[in-house]
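Visitor: Sequence:
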Amino acid sequence: MADSTTTAERRSKAGFDLSPPTPEQFRALVNNLDGEERRVLLEHGTERPFCGIFNEAKDKGTYCCRLCGLPLFNAGTKFESGTGWPSFFDPIDRSHIAFVRDTSYGMVRTEIRCARCEGHLGHVFNDGPPPTGERYCMNSVSMRFVADGDPLPDELGRGAPEGEAAG
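With full-length UniProt numbering, letter number 73 in the sequence shown gets 73, and the count goes up by one each step, no holes.
Bear in mind the hints are in silico, worked out from the structure with no lab data behind them.
Be careful, since some hints might not be right.
Said to hold, decoys possible - Dumping the calculated DSS-like pairs for lysine-lysine here, alpha-carbon to alpha-carbon at most 27 Å:
#: 1; residue 1: Lys13; residue 2: Lys60
#: 2; residue 1: Lys78; residue 2: Lys58
#: 3; residue 1: Lys78; residue 2: Lys60
Claimed, not checked - Pairwise CB distance ranges, derived in the manner of DEER restraints:
#: 4; residue 1: Val100; residue 2: Ile53; range: 24 to 34 Å
#: 5; residue 1: Gly76; residue 2: Gly15; range: 11 to 21 Å
#: 6; residue 1: Thr110; residue 2: Gly84; range: 12 to 22 Å
#: 7; residue 1: Arg158; residue 2: Phe50; range: 34 to 44 Å
#: 8; residue 1: Gln25; residue 2: Asn126; range: 26 to 36 Å
#: 9; residue 1: Gly45; residue 2: Phe125; range: 10 to 20 Å
#: 10; residue 1: Arg158; residue 2: Gly82; range: 32 to 42 Å
Please read all numbers here as calculations on a predicted model, not as lab measurements.
Even for Gly, the Cβ is constructed at its ideal location relative to N, Cα and C.
Please model the complete structure; the sequences and the hints are all you need to start from.
Guide: Encoded structure:
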């Protein structure tokens with residue numbers, strides 16, 4: 001009989017395993033977060049505008065989930081939105097992002113979370129540039145940056161690189 005706690009592997013079109021971390025893996029990942037990262041990623045907080053380390057970043061590379069390492073955005077999709085948060089117009093793979101209706105603070109918005117670990121990333125709005133018209137408004141503390149040529153993170157021991165971040 002199969003272990004009922006085992007989650008079947010799900011792969012994105014980009015080739016990444018989207019099955020969630022085990023409870024033990026999740027605890028280990030959370031133990032590596034600082035207070036601000038915990039507040040934003042786990043408690044759905046927001047960092048102050050114009051203070052995030054990636055707001056004005058222009059280096060080539062990949063932005064990954066700070067908690068589990070799943071690649072989220074290529075630097076080539078980053079644009080200056082003037083909002084004070086790093087903004088992107090297209091994820092590496094839409095299946096890497098979970099879209100959740102958010103009615104907090106008397107507004108109706110779409111929260112975005114990492115599809116693998118469910119860490120809070122930010123919100124998506126329909127006022128971005130072509131070709132998608134979307135603006136993924138991200139919290140810097142929800143991401144880590146991997147420069148072109150450096151290996152992608154393999155926080156869950158799934159055999160990096162799992163897939164392709166280029167796109």
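Visitor: Next, verify each hint and record whether it holds.
Guide: Hints versus structure:
1. For the given pair, Lys13 sits about 22 Å from Lys60 by alpha-carbon distance, which is consistent with the 27 Å threshold.
2. Among the hinted pairs, Lys78 with Lys58 is consistent with the structure: their alpha-carbon atoms are about 8 Å apart, no more than 27 Å.
3. The hinted pair formed by Lys78 and Lys60 meets the criterion: a straight-line CA distance of about 10 Å does not exceed 27 Å.
4. For Val100 paired with Ile53, a C-beta distance near 25 Å keeps the hint of 24 to 34 Å intact.
5. Under the hint 11 to 21 Å, the C-beta atoms of Gly76 and Gly15, about 19 Å apart, fit the expected range.
6. In this structure, Thr110 and Gly84 meet the distance hint of 12 to 22 Å, their C-beta atoms being roughly 19 Å apart.
7. Separation of Arg158 from Phe50 is about 36 Å and conforms to the stated range, judged on CB atoms against 34 to 44 Å.
8. For the pair Gln25 and Asn126, the beta carbons lie near 35 Å from each other, so the given range of 26 to 36 Å is met.
9. Our hint of 10 to 20 Å for Gly45 and Phe125 holds, since their Cβ atoms are close to 18 Å apart.
10. Range check, Arg158 to Gly82: Cβ separation about 37 Å, and the 32 to 42 Å hint holds.
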